[in-house]
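*Asks:* Turn these sequences into a full structure, and let the hints steer you where they fit.
Sequence order for the protein chains is A and B.
This note's numbering puts the first sequence at residues 1 to 144.
This note's numbering puts the second sequence at residues 145 to 302.
If you're looking for bench data, these hints aren't it; they were derived computationally from the structure.
Glycine included, C-beta positions come from ideal geometry on N, C-alpha and C.
Check before you lean on any hint, since a few could be wrong.
[Stated by the list, open to error] Over the 10 Å line for every Cβ pair with chain B, so calculated as not near, a few chain A residues:
| id | residue |
| --- | --- |
| 1 | Met1 |
| 2 | Phe44 |
| 3 | Leu45 |
| 4 | Glu46 |
| 5 | Phe49 |
| 6 | Glu50 |
| 7 | Pro51 |
| 8 | Leu57 |
| 9 | Pro59 |
| 10 | Gly60 |
| 11 | Val63 |
| 12 | Ile67 |
| 13 | Leu70 |
| 14 | Phe71 |
| 15 | Pro105 |
| 16 | Gly119 |
[Claimed, not checked] Where chain A lies over chain B, by a calculated footprint (3+ residues, C-beta under 8 Å):
| id | region |
| --- | --- |
| 17 | 161-171 |
| 18 | 174-181 |
| 19 | 233-246 |
| 20 | 273-287 |
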Amino acid sequence: MNLVIQTIKDGTIKAVKTTLTLMKVVLPVYAFVVIIKYSPVMAFLERLFEPAMRFFLLPGEAVVPLITGLFTDEYGAIATASQFGFTTAEITTIAMIGLVCHSLPVEYALSRQIGLPAGRFVLFRVFGAVIVGLAISRLGGVFL
Amino acid sequence: MTASWSVILNEIVTGSFSTVINVLKVLIPLMILIEFFHVFHVMEKLAKKLTPVTKVLGLSPPAILPLLVATVMGVTYGTGTLIEMNRRNPLPKKDFILIAVFFFTCHGIIETTAIWGTAGANILVISVGRLLFAAIFTMVAARLPIFKGPEYVEEQAE
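*Replies:* Set out below in C-alpha cells:
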C-alpha cells in the first residue's frame with residue numbers, strides 16, 4: 001500500500017514539474033504567436049505558405065503551428081494550434097506532422113549525445129513528416 | 145495591428161492559461177499511470193509477450209523493451225532503458241539505429257495523444273496512425289541497404 005501512495009506521489013511530482021516546463025514554453029510561444037496573428041506579418045505568411053500548405057489540404061495559417069513545433073516542442077505547437085479555428089481533419093493532420101517532426105534543435109543535440117547520425121535523422125524526420133502529412137490529409141478527407 | 149493591445153494581452157493571458165490547464169487535466173492522471181507502469185514493471189511483462197513483433201520490424205528480440213517503453217511511457221524512459229541495456233549487453237548498431245527510427249516517429253503515445261485530443265485532433269488517427277507509420281518506416285529502414293554495413297549482415301545470420 002505504501003508503494004502505491006509513493007507511486008501516486010512520484011507521478012504527481014513529475015506532472016507538476018512537467019507543468020512548470022510547459023509554462024516556460026507555452027507562455028512565450030503563445031504571446032509571440034498572438035502578436036504575429038494580429039500583425040501584418042500573418043497575412044504575408046499565409047500568402048507565402050498557402051501553396052505549400054495546400055499540398056497537405058491545410059489552410060495557410062497552419063504553417064504557424066508547424067513551424068512553432070519544429071523549433072519548440074509539441075506543447076508549443078498545441079498552444080499555437082488552438083488559436084486558429086482549424087477543423088478536426090486539419091488539426092489531426094497538423095498533429096501528425098508535428099508529432100513526427102518536432103523540437104528539432106533539442107532532439108538533434110540529444111541524438112548526437114547518444115551517438116546517432118543526428119543530421120541524417122533530422123532529414124529522415126522531415127521527410128517522414130511530409131509522407132505522413134500527405135497520407136493523413138488524404139485519409140482525413142475520407143474519414144473525418 | 146488589427147486588434148488593440150488590450151485585446152491581445154487578454155488573449156495571451158487567458159489563452160495560455162487555459163491551454164496549460166487543459167493539458168494538466170490529462171497530464172496528472174497520465175503521469176501517475178505511467179509511474180505505476182514503471183514501478184510495477186508492466187512493460188517488462190508486456191515485452192515478453194510482444195517479442196514476435198521484433199521479427200516483423202527487422203529487429204533483434206531484446207530491442208522490444210526499449211521500443212515498448214518509449215512508445216507507451218515516453219522518450220525519457222525509453223532512452224533510459226536503452227542506455228541501461230547498452231551498458232549491460234550492447235545491442236547491435238543496426239538495432240540501435242532502427243530503434244531510433246521508431247522512437248523519433250512514435251513516442252509517448254498515451255501522453256501526446258491525450259494532449260492533442262484536448263486540442264481537437266482525432267485520437268484514433270493520431271495514436272494508431274502513428275504506430276502504423278512508425279512500424280512501416282522501421283520495416284522499410286531495416287531492409288534498406290544504407291543501414292547495412294558488412295558487420296550487420298553477420299549479426300543477422302546468427
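*Asks:* Determine which of the earlier numbered hints do not hold for this structure and return their numbers in increasing order.
*Replies:* none
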